[in-house]
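K.L.:
Chain by chain, the residues:
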Amino acid sequence: MIPSQPVSRVVNLLTTAGYRQRETPLIVASVPFEFAALLVGSERALDLIVVIDTLTEPEVRIRQKVEGLSRALDLVASRRSLTIVLVGPPPRAVIVEALSRVSRVLSVGTPTGAGADLSLSDALAVLLPLELADASESVADPFGEVRRRLKHTQHEKDVGMIFSAALDGPETVKQTLRTLLREPLDVTPEAIDE
Amino acid sequence: MIPQLNAISITDFRSLRGNVIVPLDAPVVLIHGPNGAGKTSVLSALELVLTGQVLEMRRTDPGYQAHLKNRDAAYGKIVLTGLGNGAAEVQPHELMLTDGVISGTPALIGNVSRFFSERCYLAQATLGRLLEIYQDAKAREDSPLTRFVKDLLGLDHLDALIDGLHPVGDVRNMRRLVPEYTEVETARAVVERRIAESRSRLSRLSDEASGLRTSIRAKLAMLAPDAPLELGVELSDSAENLLSQDTDEPQLVALTGRRRDLASLRQRSVSLLVKESAVDQASAEAEETASGEALKTWWVDVGKVLEALIDELRVSFPDLPSVASTDPQTAQYTALSRVGSDLDRCTRAITQDDAVAIQIDALDQAIAQGRARIALVDEQLGQITGDTEALSRALAALLPHVHSEYCPVCGRDYREVSSEPLVQRVSSHVARLTEQADRVQSLGRTRVQTTDDLAKSERDRDAAASKRLTQDARGALKARVSELSEGRRRLNELAPLAATGASIIRREVQARRRLAELRGSDRMSLELRAAVGELCLGLEQAPLATAESIGDAIQRLEDYVASRERALGDRQRLRREALTQHRLLREHEAEIRQLTKMIARDTDVQSLQDASLQVVEGRREAAKAIARAAAEARTAIVGRVFNSALNKIWRDLFVRLAPTEPFVPAFRLPQAADEPVTAQLETVHRDGGRGGAPGAMLSAGNLNTAALTLFIALHLAVKPQLPWLVLDDPVQSMDEVHIAQFAALLRMLSKEHGRKIIMAVHERPLFDYLALELTPAFAGDRLITVEITRSQAGTSLAEPTYRNWEPDSAVAA
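Heads up: the protein sequence lines correspond to chains A and B, in order.
In our numbering, each residue's number is its place in the first sequence (first place is 1) plus 58.
In our numbering, each residue's number is its place in the second sequence (first place is 1) plus 17.
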């Protein structure tokens, strides 16, 4: 079976996310199961992902195949979790419900247009890796950010003083600022007379 | 070091009765049990032994400690093993629970303890209210969510920078912060103003000095044209010496003397000038002769007649002046007035005597009448006899005694005399007598008065009679009147002639006097001319020409003296002015030197002030740059953290669990750069555009999902101090689709992101499904499932099952 265009997109997305495609038919307990595409998870995930194009197969057939596969997996005491990705028009609710009893069902429809990629990845989100921001101590490095923006300054020492004052709160910053601004003013006119 | 958890042993805690041991040493621990079996108790025991409190219980009941031990037991006990870093053996942590008292120390302290309570452990009751709890605060700035976001952003330090540096943004705030700045600014302004004032004064003084120099030079040139001074810009002391010597004064003194001489000459010449004419003298001589002739003529014609008359009158009036001794008019007038007054006197005496005669006649008449009247009164009095008054009183006293017609005096019957009743008769008699008495009185008074009048008239007549003139005297008076009248007539006739005489005499006297004066003036004129001639010589003026009058000469000399005095006075004034100006110039020059020095000093001061103000300005600019950078950094951090760290991960999580929900919850970004950062939640549509608050936009199930994913997102957004997720039945209200997705998410967190997951689930199929999803997927991976049940006797039982990895036979990896 030659994968249709939407099926290819699903397969591409999932393989990019680390899943590996398998040849069909899948033979479980000596029973061959034919699907549009078939993928398994990486080393750390026992996923079995079946991609079905609802355009090319009647609903009843889909249900029979999925329920059959589920029973076969039980039979061999497989611990793989089964995920059905439905490409094309979603089947009737009763069918989806039946599928949901034995597997995780992800209906992606037929994503088209500009938002297709996002829509597809949203639909398959649960299968995609979770990208976490660099969760360092604090997500932000406030002083680093400020310093990058200051580029070159002739007041390196003052900047350092003000930064360390900021750790103690605004009042300390204000006092430091006051000290910095006050210090040059100590030259009073009276000093000249002497 | 990440602490490890090995196992927890729980004895008589909350709904757990007896002792249960729950192993925890696996990446995933699933706890199952029917409702009321004690799943939640296991998780809250874990929270208690780790943090020393059960946060969710504390939220609802501050006195919850009293209910921690199982109500049937004397005490409760929790023992946690593990918690080292896995390498070293660590003493187990043990908490003892008696009534309301927890003894023992919790395993975690400080931030880590807080992290567990807030970021790792999601109690069952908390989930439903999570959004509410997170955003609960009086001010949005204080909500736990805001606090979290702020910690996450590290904004406190940036805000400290921005707030602390705020004063540099506005110079007024800076002045408030650094009052010394204002002081220096003010001082600088003072110095600047002083410099400007000094400069302006200096320029004015220089202009004035240059004007003074020009003026002094001009004056010196006028005063001493023969001794020009070589003066540079500075005028020397020699100028002042030159100006101080007044050479004109002696000349002026001499001139003043001449002027006085001239004045006295002029005064003397004035009287002379009037009678100077020779013609006048001739006419005066003629006049004198004429008037002398006229006087002689008058004397012969009139004077003698008048003199004779006055001599005649002098018999009666011996003191009359003669015509010769006085002027004829006076003599005539004196005589006339004397004659007139005596004539008046005589005439008056005669008239008076006539009046007295008439008065005497009148008085005689009055006397005669008075005598006749007295005789008349006496006659009437004579007709009234007796003492009528006494008789009437006696009869009136008798009247009460008259009771009948019989007279009480004589006893006779009055009826014999008259038919009139006696009483009436007596009464009328009394009345008549009283009337007569009144008349007597009245007549008496009349007589006295008339007698008095008569006596007065008689006295008056005697007095008048004594005033009458004798016939001789009257005759003499009349004769004198006639005589005097004649004298007066003649005097009156002579009156105009006497007046003419007086005028002739006056004219003659005048003519004579004038002639004498004219003769004296010739002599004086000669003397004056000599004196004037001398003055001409003294003043070096042209001598007195013969044709020139004395007056003209004096005038000429006076004019000369005045012009000389004016010239000398002008020189003196000029000298004085020049001297004053010279002194002023000296003062100006001194002040100019002082001002120049002062300006130099002030300029030094100002440049010092400028320098320090410039340093301050530089630092202020630097501080401003920091504040600006901090504000920019803040905006950048806020945007980045909200978008990438929070909203991205939350969206990712939420979309995984609710792939069909078009609205996705999100943190609302602060709109303005300096807006205080608050964590406000909103929803955004997947296709773009903002929706309302999550509570308004999401179904109850998805709202729950939003809360759950928010909890996990917050957990993932920070560095995991504890990489644990302890969830108490978070899937109760999820439908199957959500559960399947959630299971995949948990697997991802466990297998890919190393989070240890401890979760309680009460629904059996769900528990089995999760056990399947979270089954060990690789070597070393492990899953522990624990069944919590109760025995018949009510003792809690915990039945753990360990599942290790087995290669999957169905599908080759």
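The reader is advised that the hints may include incorrect statements.
[As the list claims (entries may be wrong)] Under the rule of at most 27 Å between Cα atoms (straight-line distance), these lysine-lysine pairs were calculated in the DSSO-like manner:
{"hint": "1", "chain 1": "B", "residue 1": "495", "chain 2": "B", "residue 2": "484"}
{"hint": "2", "chain 1": "B", "residue 1": "614", "chain 2": "B", "residue 2": "665"}
{"hint": "3", "chain 1": "B", "residue 1": "484", "chain 2": "A", "residue 2": "232"}
{"hint": "4", "chain 1": "B", "residue 1": "641", "chain 2": "B", "residue 2": "167"}
{"hint": "5", "chain 1": "A", "residue 1": "215", "chain 2": "A", "residue 2": "232"}
{"hint": "6", "chain 1": "B", "residue 1": "665", "chain 2": "B", "residue 2": "167"}
{"hint": "7", "chain 1": "A", "residue 1": "232", "chain 2": "B", "residue 2": "641"}
{"hint": "8", "chain 1": "A", "residue 1": "209", "chain 2": "A", "residue 2": "232"}
{"hint": "9", "chain 1": "B", "residue 1": "641", "chain 2": "A", "residue 2": "209"}
{"hint": "10", "chain 1": "B", "residue 1": "484", "chain 2": "B", "residue 2": "473"}
{"hint": "11", "chain 1": "B", "residue 1": "641", "chain 2": "A", "residue 2": "215"}
{"hint": "12", "chain 1": "B", "residue 1": "614", "chain 2": "B", "residue 2": "167"}
[What the hints assert, rightly or not] Over 10 Å on every C-beta distance to chain B, these chain A residues come out as not near it, computed from the model:
{"hint": "13", "residue": "70"}
{"hint": "14", "residue": "114"}
{"hint": "15", "residue": "116"}
{"hint": "16", "residue": "168"}
{"hint": "17", "residue": "224"}
[Claimed, not checked] Covered stretches of chain B, going by a simulated chain A footprint (3 or more residues, C-beta under 8 Å):
{"hint": "18", "segment": "22-34"}
{"hint": "19", "segment": "121-132"}
{"hint": "20", "segment": "785-798"}
Please keep in mind that the hints were generated in silico from the structure rather than gathered at the bench.
Cβ atoms here follow ideal geometry from the backbone N, Cα and C, with glycine treated the same way.
K.L.:
Hint by hint, say whether it matches the structure.
P.N.:
Each hint, compared with the structure:
no.	hint	in the structure
1	B:495 - B:484	holds (18 Å)
2	B:614 - B:665	violated (73 Å)
3	B:484 - A:232	violated (139 Å)
4	B:641 - B:167	holds (24 Å)
5	A:215 - A:232	holds (16 Å)
6	B:665 - B:167	holds (18 Å)
7	A:232 - B:641	holds (13 Å)
8	A:209 - A:232	holds (23 Å)
9	B:641 - A:209	holds (14 Å)
10	B:484 - B:473	holds (17 Å)
11	B:641 - A:215	holds (15 Å)
12	B:614 - B:167	violated (62 Å)
13	70	holds (19 Å)
14	114	holds (23 Å)
15	116	holds (23 Å)
16	168	holds (15 Å)
17	224	violated (4 Å)
18	22-34	violated (count 0)
19	121-132	violated (count 0)
20	785-798	holds (count 6)
Comparing the model with each numbered hint stated earlier shows that hints 2, 3, 12, 17, 18 and 19 do not hold.
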